[in-house]
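Student: The listed protein sequences derive, respectively, from chains H and F.
Going by this note's numbering, the first residue of the first sequence is number 1, and it counts up by one from there.
Going by this note's numbering, the first residue of the second sequence is number 1, and it counts up by one from there.
In case anyone wonders, no lab produced these hints; they're calculated from the structure.
The reader is advised that the hints may include incorrect statements.
Because identical chains share one entry, a pair is satisfied inside a single copy or across any pair of copies.
To be verified - Result set (BS3-like, lysine-lysine): computed pairs, CA atoms no more than 27 Å apart in a straight line:
1) Lys14 - Lys60
2) Lys120 - Lys59
3) Lys118 - Lys14
Spelled out from the first residue to the last, the chains are:
There are 2 protein chains.
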Amino acid sequence: MSSMPTAIEKQVYKVIGKHVYANLDQIDSRYLSNMDALAKLVGEAAKIGKLHIIEMSAKKFSPMHGFDGGVSIIAILEESHIALHTWPESDYATVDIYTCGVDGDPDASLEYILAKLKPKSYKVFKADRGN
Amino acid sequence: MSSMPTAIEKQVYKVIGKHVYANLDQIDSRYLSNMDALAKLVGEAAKIGKLHIIEMSAKKFSPMHGFDGGVSIIAILEESHIALHTWPESDYATVDIYTCGVDGDPDASLEYILAKLKPKSYKVFKADRGN
Numbered sequence: 001m002s003s004m005p006t007a008i009e010k011q012v013y014k015v016i017g018k019h020v021y022a023n024l025d026q027i028d029s030r031y032l033s034n035m036d037a038l039a040k041l042v043g044e045a046a047k048i049g050k051l052h053i054i055e056m057s058a059k060k061f062s063p064m065h066g067f068d069g070g071v072s073i074i075a076i077l078e079e080s081h082i083a084l085h086t087w088p089e090s091d092y093a094t095v096d097i098y099t100c101g102v103d104g105d106p107d108a109s110l111e112y113i114l115a116k117l118k119p120k121s122y123k124v125f126k127a128d129r130g131n
Numbered sequence: 001m002s003s004m005p006t007a008i009e010k011q012v013y014k015v016i017g018k019h020v021y022a023n024l025d026q027i028d029s030r031y032l033s034n035m036d037a038l039a040k041l042v043g044e045a046a047k048i049g050k051l052h053i054i055e056m057s058a059k060k061f062s063p064m065h066g067f068d069g070g071v072s073i074i075a076i077l078e079e080s081h082i083a084l085h086t087w088p089e090s091d092y093a094t095v096d097i098y099t100c101g102v103d104g105d106p107d108a109s110l111e112y113i114l115a116k117l118k119p120k121s122y123k124v125f126k127a128d129r130g131n
């Protein structure tokens, strides 16, 4: 007499997690220290990517090496998060757009940010954050 | 007579950007929907990594597929950000720890989170976010 193994399986719902992030060199200098402009940009980029902001936090840092302070903008999304950081003393910025679900288009959000910040050079990376 | 090219160089300060992120399967279920416990965990992980939280945002989402809601915790750091998301219906979580500067130890922060969340399996990734 043989006994069959009992399979008790928990249903696992698939998480679709799309994370695009970029390092941007020599962006439009008008944005580097402009917290309000960067917060507005993140809001617009979210909309273009069909992403929904629940809460946005913005912080301007102290001046460094004689340059105006950098900025961090972080948005909690219904679909995960957007994070944008700038370093005026290095003429540098980075952006992360991380979305879950199938509806959001983080690539469109990133394209919008690139079009506005106009980096002279940049690198884009993609990560699968799903299960 | 020859003329030497004139080099007008703008000094660019080096940005050290360390980003570690992880996808965690089957974490300790007591954490999945527990916003307060996850916020506390992020606070402790920041401290262990010598990171300084400026502002922390926490959001608990609506129930999904009969499971209690997921949680997003986002901390703006003096050194960039930490983001933690959970999906109870998928027994899944992800974490991002992104630091600038040489002093922070994001690996130590991640190790602490892994030790607490105890995922049955996980993947860790590292990205250079410097210029």
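Student: If you check each hint against the structure, which ones fail?
Tutor: none
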